[in-house]
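**Student:** From just these sequences and the hints, can you work out the full model?
The opening position of the sequence shown corresponds to residue 97 in this note's numbering, with each subsequent residue numbered one higher.
If you're looking for bench data, these hints aren't it; they were derived computationally from the structure. Since this is a predicted model, take the numbers as computed values, not measurements. Be a bit skeptical, because a hint or two may be false.
Using 25 Å as the maximum straight-line C-alpha spacing, the simulated SDA-like pairs for lysine to any residue come out as follows [said to hold, decoys possible]:
{"no.": "1", "residue 1": "Lys293", "residue 2": "Ala107"}
{"no.": "2", "residue 1": "Lys293", "residue 2": "Ala192"}
{"no.": "3", "residue 1": "Lys293", "residue 2": "Val252"}
{"no.": "4", "residue 1": "Lys290", "residue 2": "Ile280"}
{"no.": "5", "residue 1": "Lys290", "residue 2": "Asn158"}
{"no.": "6", "residue 1": "Lys293", "residue 2": "Ala238"}
{"no.": "7", "residue 1": "Lys290", "residue 2": "Ala305"}
{"no.": "8", "residue 1": "Lys152", "residue 2": "Asp268"}
{"no.": "9", "residue 1": "Lys293", "residue 2": "Glu224"}
{"no.": "10", "residue 1": "Lys290", "residue 2": "Pro237"}
{"no.": "11", "residue 1": "Lys152", "residue 2": "Ala238"}
{"no.": "12", "residue 1": "Lys290", "residue 2": "Arg225"}
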Amino acid sequence: MTENEFLWHRAANLVPYPTALAEMEAQARGIRDGSLPERVWLLEHPPTYTAGTSAKDSDLFNPRGYPTYPAGRGGQWTYHGPGQRVAYAMLDLTRAHGMAPARDLRAYVHTLEEWIIRTLRRFGVAGERRADRIGVWVVDPATGREEKIAAIGVRVSRWVSWHGIAINVAPDLSDFGGIVPCGISEYGVTSLAKLGKAISMDEVDAALAATWPECFGPIPGTLGGGPRAG
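**Tutor:** Structure (structure tokens):
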């Protein structure tokens, strides 16, 4: 493997969470020992609740009995399900990636946020950061309420990242009622669909691919410096 290799992969079917965890962990090990390339993996999960390292049992209600799993990432409870675009980024953080200098976890998370913000901007949605809250937030023009549209959860093992981001495209938002999302009860959750944006997952994936080089830098050996879906 050379340092210029990179895999951009989109799953065709729903991926069970334990399957994704095992595959990410194997990829991270391979990146670390040089046997596997860096990878971005776009997918959707079946309805699932995942617990970060700070998750509280009291924040899980789960009236529909969905599977729950420890995620091993930072953060609290998160919902994943159909209609939500999950993008797992497995990168060697010992080297710089665009806006993110080498070995700078704070800058890496900031760059993930920027990736989401620039992706949403392509659909006329103004995503915003909040200093006291992780993720990306929007103000619903119809209600004036501030709501979360995308979550970020990162794990870094010996400077190799895994886990990543989740953008609410058109999930069943009632499923977020089975948890206190990310431990924050004061604000709601929204989606592109709730904001009146009829955007397909293919369109979201195309926007993620287009904005990736803007945030993480061009990928050598790819057409136009950007990723090719696989």
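**Student:** With reference to the structure, classify each hint as holding or not holding.
**Tutor:** Going through the hints against the structure:
1. Among the hinted pairs, Lys293 with Ala107 is consistent with the structure: their alpha-carbon atoms are about 23 Å apart, no more than 25 Å.
2. Between Lys293 and Ala192 the CA atoms are separated by roughly 34 Å; this puts the pair beyond 25 Å, and the hint is violated.
3. Proposed proximity of Lys293 and Val252 is contradicted: the alpha carbons are some 34 Å apart, above 25 Å.
4. A threshold of 25 Å between alpha carbons decides the hint, and for Lys290 with Ile280 the separation of about 20 Å falls inside it, so the pair holds.
5. Our distance criterion of 25 Å between C-alpha atoms is met by Lys290 and Asn158, whose separation comes to about 22 Å.
6. Taking the CA atoms of Lys293 and Ala238, the gap is near 13 Å; set against the 25 Å cutoff, the hint holds.
7. With a C-alpha separation of about 23 Å, the suggested pair Lys290 and Ala305 falls inside the 25 Å cut-off, and the hint holds.
8. Distance hint between Lys152 and Asp268 is fulfilled; the C-alpha atoms sit about 23 Å from each other, no more than 25 Å.
9. The suggested pairing of Lys293 with Glu224 holds, with an alpha-carbon distance near 17 Å, which does not exceed 25 Å.
10. Note on Lys290 and Pro237: the hinted pairing holds, with a Cα-Cα distance of about 11 Å set against a maximum of 25 Å.
11. About 33 Å separates the Cα atoms of Lys152 and Ala238, which puts this hinted pair outside 25 Å; it is violated.
12. Using a Cα cut-off of 25 Å, the hinted pair Lys290 and Arg225 holds, with the two alpha carbons roughly 20 Å apart.
Comparing the model with each earlier hint shows violations of hints 2, 3 and 11; every other hint is respected.
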